[in-house]
Amino acid sequence: QQQVKQSPQSLIVQKGGISIINCAYENTAFDYFPWYQQFPGKGPALLIAIRPDVSEKKEGRFTISFNKSAKQFSLHIMDSQPGDSATYFCAASNEGSSNTGKLIFGQGTTLQVKP
Amino acid sequence: EAQVTQNPRYLITVTGKKLTVTCSQNMNHEYMSWYRQDPGLGLRQIYYSMNVEVTDKGDVPEGYKVSRKEKRNFPLILESPSPNQTSLYFCASSRDRGYTDTQYFGPGTRLTVL
Chain A
1 QQQVKQSPQS LIVQKGGISI INCAYENTAF DYFPWYQQFP GKGPALLIAI
51 RPDVSEKKEG RFTISFNKSA KQFSLHIMDS QPGDSATYFC AASNEGSSNT
101 GKLIFGQGTT LQVKP
Chain B
1 EAQVTQNPRY LITVTGKKLT VTCSQNMNHE YMSWYRQDPG LGLRQIYYSM
51 NVEVTDKGDV PEGYKVSRKE KRNFPLILES PSPNQTSLYF CASSRDRGYT
101 DTQYFGPGTR LTVL
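Protein chains in written order, with this note's numbering: chain A, 1 to 115; chain B, 1 to 114.
Honestly, the hints are just simulated from the structure, not real lab data.
These figures come from a predicted structure and were not determined experimentally.
A couple of the hints might just be wrong.
[Stated by the list, open to error] Only pairs whose alpha carbons sit at most 25 Å apart, straight line, appear in this in silico DSS-like list of lysine-lysine:
hint, chain 1, residue 1, chain 2, residue 2
1, A, Lys71, A, Lys42
2, B, Lys65, A, Lys42
3, B, Lys71, A, Lys42
4, A, Lys5, B, Lys65
[Said to hold, decoys possible] Away from chain B, derived, C-beta distances all over 12 Å, residues of chain A:
hint, residue
5, Ile20
6, Asn67
7, Gln81
Cβ atoms here follow ideal geometry from the backbone N, Cα and C, with glycine treated the same way.
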């Protein structure tokens, strides 16, 4: 119930294309869904996040789509650039009263954007 | 500059030799945690701390200890490291346990236990 399943494990996209990474969860108590971006040799950094009261959030070229009934959320990177090449992690947490501050991470997706 | 620092960044050690990985944050955050990152498994929480002298186990605490004597520091201690603790470790901090959208991660410590 605590798992977040992420796919694909790796993704290769041409420059200018759309990158799509999907995540699915089981725990309906989750109420916060961030995406983290990690470059080699660096720690993860928050990219964009969504809460279940909206179905979509867009920040520049990055969009999260959220489907509460299907318990799925996805990251879309429009006009993908070589500089977007990184590992992406989805995550989920429950910020309710019993929250321990723990983020449950997906397995990660390594994105390569070819010039 | 707001940051989380970890030391060392790389460490190769042998089975059973006690080691400590330090973590420090300069943002006056109350909440700190340790994660390990393994291929195909994402990041898993080891321990967390909600404030000074308040710590608790995460998902994979076996073989690890932590302490929180000062607000800014949260060291990770491996009393008797074993090869299955070879991993990439991240320290993270946030203002409060509820503010998971502001969780800042350190640069990571790559540990190899021979």
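Right, here's what the structure says about each hint:
1. A/Lys71 - A/Lys42: violated (30 Å)
2. B/Lys65 - A/Lys42: Holds: B/Lys65 and A/Lys42 sit about 24 Å apart, inside 25 Å.
3. B/Lys71 - A/Lys42: holds (24 Å)
4. A/Lys5 - B/Lys65: violated (29 Å)
5. Ile20: Holds, since 18 Å exceeds 12 Å.
6. Asn67: Non-interface label stands for A/Asn67: nearest chain B Cβ at 21 Å, farther than 12 Å.
7. Gln81: The claim holds: A/Gln81 sits with its nearest Cβ about 23 Å from chain B, beyond 12 Å.
Hints 1 and 4 from the earlier list are contradicted by this structure; the remaining hints agree with it.
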